[in-house]
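*Asks:* Listed below are the residues making up each chain.
Number of protein chains: 2
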Amino acid sequence: MSNVQPILLNGTWTASSSAQSIQVSNPATGETFPEHFPVSNWDEIDRALQAAHEAFLTVVNWPGERFAAYLEDYALALDAHKETLAQIAHSETGLPAPTRLAGNEIPRTTNQLRQAAQAARQSSWRIPTIDTKNKIRSMYQSIGPAVLMGPNNFPFAYNSISGGDFATALAAGNPVIAKAHPLHLRTTLEMAKLAQEVALKHKLPAGLIQLLYHMSPEDGLKMLEDPRVKVAAFTGSRTAGLKIKHACDKHGKPVFLEMSSVNPVYMLPGALTERGPELVEEFAGSCLLGAGQFCTNPGLVFLVDNPSSQAFLQGVAEKFSAAQPQIMLSTQGRDSFHQSLKFLQKEGAQLVVGGAVVDGHDSKHQPTLLKVTGDQFLSKMTQFQEEAFGSSSLFVIVKDVAQMIVIAGQLQGNLTGSLYSSRDGSDDEIYNRLAPLVNRNVGRLLNDKMPTGVAVSSAMNHGGPFPATGHPGFTAVGMPASVRRFSMLCCYDNVRPERLPVELQDKNPGGIPRFVDDQWTTNDIVTN
Amino acid sequence: MSNVQPILLNGTWTASSSAQSIQVSNPATGETFPEHFPVSNWDEIDRALQAAHEAFLTVVNWPGERFAAYLEDYALALDAHKETLAQIAHSETGLPAPTRLAGNEIPRTTNQLRQAAQAARQSSWRIPTIDTKNKIRSMYQSIGPAVLMGPNNFPFAYNSISGGDFATALAAGNPVIAKAHPLHLRTTLEMAKLAQEVALKHKLPAGLIQLLYHMSPEDGLKMLEDPRVKVAAFTGSRTAGLKIKHACDKHGKPVFLEMSSVNPVYMLPGALTERGPELVEEFAGSCLLGAGQFCTNPGLVFLVDNPSSQAFLQGVAEKFSAAQPQIMLSTQGRDSFHQSLKFLQKEGAQLVVGGAVVDGHDSKHQPTLLKVTGDQFLSKMTQFQEEAFGSSSLFVIVKDVAQMIVIAGQLQGNLTGSLYSSRDGSDDEIYNRLAPLVNRNVGRLLNDKMPTGVAVSSAMNHGGPFPATGHPGFTAVGMPASVRRFSMLCCYDNVRPERLPVELQDKNPGGIPRFVDDQWTTNDIVTN
Chain A
3 MSNVQPILLN
13 GTWTASSSAQ
23 SIQVSNPATG
33 ETFPEHFPVS
43 NWDEIDRALQ
53 AAHEAFLTVV
63 NWPGERFAAY
73 LEDYALALDA
83 HKETLAQIAH
93 SETGLPAPTR
103 LAGNEIPRTT
113 NQLRQAAQAA
123 RQSSWRIPTI
133 DTKNKIRSMY
143 QSIGPAVLMG
153 PNNFPFAYNS
163 ISGGDFATAL
173 AAGNPVIAKA
183 HPLHLRTTLE
193 MAKLAQEVAL
203 KHKLPAGLIQ
213 LLYHMSPEDG
223 LKMLEDPRVK
233 VAAFTGSRTA
243 GLKIKHACDK
253 HGKPVFLEMS
263 SVNPVYMLPG
273 ALTERGPELV
283 EEFAGSCLLG
293 AGQFCTNPGL
303 VFLVDNPSSQ
313 AFLQGVAEKF
323 SAAQPQIMLS
333 TQGRDSFHQS
343 LKFLQKEGAQ
353 LVVGGAVVDG
363 HDSKHQPTLL
373 KVTGDQFLSK
383 MTQFQEEAFG
393 SSSLFVIVKD
403 VAQMIVIAGQ
413 LQGNLTGSLY
423 SSRDGSDDEI
433 YNRLAPLVNR
443 NVGRLLNDKM
453 PTGVAVSSAM
463 NHGGPFPATG
473 HPGFTAVGMP
483 ASVRRFSMLC
493 CYDNVRPERL
503 PVELQDKNPG
513 GIPRFVDDQW
523 TTNDIVTN
Chain B
3 MSNVQPILLN
13 GTWTASSSAQ
23 SIQVSNPATG
33 ETFPEHFPVS
43 NWDEIDRALQ
53 AAHEAFLTVV
63 NWPGERFAAY
73 LEDYALALDA
83 HKETLAQIAH
93 SETGLPAPTR
103 LAGNEIPRTT
113 NQLRQAAQAA
123 RQSSWRIPTI
133 DTKNKIRSMY
143 QSIGPAVLMG
153 PNNFPFAYNS
163 ISGGDFATAL
173 AAGNPVIAKA
183 HPLHLRTTLE
193 MAKLAQEVAL
203 KHKLPAGLIQ
213 LLYHMSPEDG
223 LKMLEDPRVK
233 VAAFTGSRTA
243 GLKIKHACDK
253 HGKPVFLEMS
263 SVNPVYMLPG
273 ALTERGPELV
283 EEFAGSCLLG
293 AGQFCTNPGL
303 VFLVDNPSSQ
313 AFLQGVAEKF
323 SAAQPQIMLS
333 TQGRDSFHQS
343 LKFLQKEGAQ
353 LVVGGAVVDG
363 HDSKHQPTLL
373 KVTGDQFLSK
383 MTQFQEEAFG
393 SSSLFVIVKD
403 VAQMIVIAGQ
413 LQGNLTGSLY
423 SSRDGSDDEI
433 YNRLAPLVNR
443 NVGRLLNDKM
453 PTGVAVSSAM
463 NHGGPFPATG
473 HPGFTAVGMP
483 ASVRRFSMLC
493 CYDNVRPERL
503 PVELQDKNPG
513 GIPRFVDDQW
523 TTNDIVTN
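Line by line, the protein sequences give chains A and B. The C-terminal position of the first sequence is numbered 530 in my numbering, with every residue numbered one higher than the one before it. The C-terminal position of the second sequence is numbered 530 in my numbering, with every residue numbered one higher than the one before it.
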């Protein structure tokens, strides 16, 4: 087959021995791009695993500085190719090149790489803990080869060769095997070329950064179960995520999974009375952004049945009707979105506005608003918590606040939960009853704010209870915490001083904050 | 049935409605104690779950101080009843009352409770992280009802109503449902009475601390899968542990599992040449301690085939022959130990010394030394890594250092790994090749030290890669890290200042170390 792209295997761009391949299309035109990307067979997956395994033994004692320097240079390379990369990604995803991609997502991505570099350099994620009396010292350290599987909706910021998982897995000192997402294979290849060039310049071992495009689901799970893989990360559908989780769980391997979220928004009565029109703007802006293709799209809204809520619903419906349908990430994604909306309607949700695919080859769907009563919702909790990935939301019109509280106590885990309340304090009593229920059921609790927009901040938690993720103690965003997803806790008991990792030795030339004899300090340890 | 003991359900000592019960025996005499302990049915498990669920809603916003004060008073109560408790536990476990129990384990247990109290009071486990610019604040918080299942070998320090899991689950602010271990039901009941008395004094909600003795395996797994349970901890056999893991994994619930470990010891050639007799003492002391019934018993020793190793083996064999067999925790435990030793021999291990049950009703077994060659070990890696829980060790006589390294790279995860090397540096090259392999395969790497003896230290890691535990990022021992096993990460985005948890508000009257705008500080936040 002509035009088959090479895989990045053990430091070399290598022709795949597989006869199978996949291609990617332009969602704005339906046109298929000429490049073929191999579906890797087990032989080459095995070679990648072996190379990663060997690379880990090479870098296991490297200081964070070497990874930091690499990440920063790679960020520079991405910045330098920003316009080209944005154009390629635009052609694969339909996302606006100047505003969303070059203007926003690529800078966010290189910022993440730089923050990860800083975490690697400062060892802030390691929590070095020292007990001088007992001669016991411990900290988080690299764990080994990481398999990364990014989602469809962020060709840069969550891409397995450039995104948050890549940045943090490497910052922790782990080899990375990136699996491309099938919707942006060309973008991924282009970045991997840069990643590889910079890796050569930095003399990284051959198997430290590798790229495979695709594989059979069976081989993918076999790879995750292989003892040479020590950790994995996945962002995508719940169906795939649960299979990946099971494969890793069987072997007790840490795996970070982000597996869909409906992000409940609770509109308390006083807030709607006080500032309904303002909230219409806020909600519609959030739900229409990026064709609603965000993990944090506000997909479920709770409103008490009263005139203010009706006005809010009416206002949002008007906004949705007036909104221009946007190009979605793929025609498959649009069709899957449509199926999810059909499913919700089949279960009894009433269509308020939208609901239809837009004719044409440009992957568009009408923004869609659905509604159910609180009683309906309670009778089919599982079904009505199904995510529809696009500009849509299910409004749940509850009888009263008591019903809202009952539902809040029974919802599945989500990435976020938003509570809007009045400024005059009239909602405070309801807030105080709802907040603890929502708080422990989500990764991030918001007040008077929509969940879209995930700041890359040390205090961010982009995580949450199952089934939103696989474990409520970890976050995909925010340094240094997100680095710890790719680590293990290592303890040194009576280990001779010169054999300790530098971060645990008496001298602390890097001024790392360390927990020494139960106190945080950046000082050297002076022993008598 | 007469003499059936009540369960601690929803704050009240309650007669079980179950017709089934279990009893406990004295391992030193074979005598069965008269008390019956109910096997709880689903109805009472369900009531316990509901009570725990409701208790959580009551305490969800309580400051750490309230849990701290409880834990400290409970520690005082245990101290005050130390002699009685030690006698009861001695009669159930055969462990020496004055030295091991009253003299060592109970003080360790109350020390753990006090360290957990300090962690709760100081919020040191929460890692409060604040981004003032973006108005995002996050920290680890309580997660909800915890089911705790302790092991047979520590009637106090790991008991589900007094041990490290109990202390840390409560310190994090979670309700606890303790399941007693069947080998020390009377001890557990006695402590639960104290726990309950102190709870009443502290006006804790009724469902915060509950005790069930036993249940069917099916009901146990059903309990773990119930949505009201949010986290669990288990220390015990791999067979049970894997079932518990699966039940929790299905629902993405954090679970800390300690599931057996053989704790490899690598005796490098120079160390044995240099100080063989000293190492014989050290090894035999560790392996014979407490009848070898420790998670960290040195169960696997690697030696290069040479005269020093033969002398070491001979020396240990003599120590084992001369050692007085000790009362084991139970006759069942002794029999199970014996079966494990038989299994290893069936697989080809050669008996060096010991191997037999000691006649009589006092649950004794000879200390046992087995050996295999490195080739044998490599041909049956899984079999020869089976734990035999008692005073025994499998010596692996490898051909050469290269074979030792090959094996080290393929071992299962363990709690600990010990490397003994010469003081003159002649083993350093071997050490440097072995250490990275051992390091990433264990929770704690030791130099010139046996793994038994787990200091309760902030820097301790009593954890490790699967299958020793369920996740390599968590530890069962060491405050504050072990508290985080029972927590989730909670983020507050734009949440109104007065609604934030106290630890995340601008004022920091407790002087908690917080990571504010990427710097550790104990200061208040001054916003303009």
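The hints are simulated quantities; they were obtained by calculation from the structure and are not laboratory data. Note that beta-carbon positions come from the ideal geometry of N, C-alpha and C, so glycine has one too. The reader is advised that the hints may include incorrect statements.
Straight line, CA to CA, 27 Å or less: simulated BS3-like cross-link-like pairs of lysine-lysine [stated by the list, open to error]:
hint, chain 1, residue 1, chain 2, residue 2
1, A, K203, A, K224
2, A, K137, B, K451
3, A, K224, B, K245
4, B, K205, B, K195
5, B, K451, A, K252
6, A, K451, B, K509
7, A, K451, B, K137
8, B, K451, B, K135
9, B, K344, A, K382
10, A, K224, A, K84
11, B, K451, A, K135
12, A, K245, B, K344
13, A, K245, A, K382
14, B, K451, A, K509
15, B, K224, A, K252
Among the chain B residues that face chain A by a calculated CB cut under 7 Å, a handful are [stated by the list, open to error]:
hint, residue
16, D251
17, P438
18, G455
19, V458
20, S460
21, G472
22, P474
23, V497
24, V504
To spell it out: a stretch of chain B is covered by chain A in this simulated footprint if at least three of its residues, at any positions, have a beta carbon under 8 Å from a beta carbon of chain A; those stretches are [as the list claims (entries may be wrong)]:
hint, region
25, 57-65
26, 141-152
*Asks:* Now look at each hint and say whether the structure bears it out.
*Replies:* Results of checking the hints against the structure:
Distance restraint check for K203(A) and K224(A): the Cα-Cα separation of roughly 33 Å exceeds the 27 Å cut-off, and the hinted pair is therefore not satisfied. Proximity of K137(A) to K451(B) is assessed by CA-CA distance (about 11 Å); at most 27 Å being required, the pair is judged to hold. Between K224(A) and K245(B), the direct Cα distance comes to roughly 22 Å. Compliance with the 27 Å bound is thereby established for this hinted pair. Proximity of K205(B) to K195(B) is assessed by CA-CA distance (about 15 Å); at most 27 Å being required, the pair is judged to hold.
Restraint check for K451(B) and K252(A): the C-alpha separation of about 33 Å exceeds 27 Å, so the hint is violated. With a C-alpha separation of about 24 Å, the suggested pair K451(A) and K509(B) falls inside the 27 Å cut-off, and the hint holds. Straight-line distance between C-alpha atoms of K451(A) and K137(B) comes to about 11 Å, which keeps the hinted pair within the 27 Å bound. For the proposed pair K451(B) and K135(B), the alpha carbon gap of about 49 Å is over 27 Å, so the pair is violated.
A hinted pair counts as satisfied when its Cα atoms are at most 27 Å apart, and K344(B) with K382(A) does not qualify at roughly 55 Å. With a CA separation close to 36 Å, the supplied pair K224(A) and K84(A) exceeds the 27 Å bound. With a C-alpha separation of about 15 Å, the suggested pairing of K451(B) with K135(A) holds against the 27 Å cut-off. Simply put, K245(A) and K344(B) have alpha-carbon atoms about 39 Å apart, too far for the 27 Å limit, and the pair is violated.
With a C-alpha separation of about 25 Å, the suggested pairing of K245(A) with K382(A) holds against the 27 Å cut-off. Distance hint between K451(B) and K509(A) is fulfilled; the C-alpha atoms sit about 24 Å from each other, no more than 27 Å. For the proposed pair K224(B) and K252(A), the alpha carbon gap of about 20 Å is at most 27 Å, so the pair holds. Given the 7 Å rule on beta carbons, the hint for D251(B) holds: about 4 Å separates it from the nearest Cβ of chain A.
The interface hint given for P438(B) holds, since its Cβ lies 5 Å from the closest Cβ of chain A, which is under the 7 Å cut-off. About 9 Å separates the beta-carbon of G455(B) from the nearest beta-carbon of chain A, more than 7 Å, and the hint is not met. Among the interface hints, the one on V458(B) is violated; its C-beta lies about 9 Å from the nearest C-beta in chain A, farther than the 7 Å criterion. The closest approach between the C-beta of S460(B) and any C-beta of chain A is roughly 5 Å, which is under the 7 Å cut-off, so the hint is satisfied.
Look at G472(B): its Cβ gets to within about 5 Å of chain A, closer than 7 Å, so that hint holds up. Hint on P474(B) holds. Least Cβ distance to chain A is approximately 4 Å, under the 7 Å limit. With 7 Å as the threshold, the beta carbon of V497(B) comes within range of chain A, its nearest partner Cβ sitting at about 5 Å, so the hint holds. Among the interface hints, the one on V504(B) is violated; its C-beta lies about 14 Å from the nearest C-beta in chain A, farther than the 7 Å criterion.
Here's how the region 57-65 of chain B fares: 3 of its residues keep a CB closer than 8 Å to some CB of chain A, so the rule of at least three is met and the hint holds. Residues of the region 141-152 of chain B lying with their CB closer than 8 Å to a CB of chain A number 5, which satisfies the three-residue condition for coverage.
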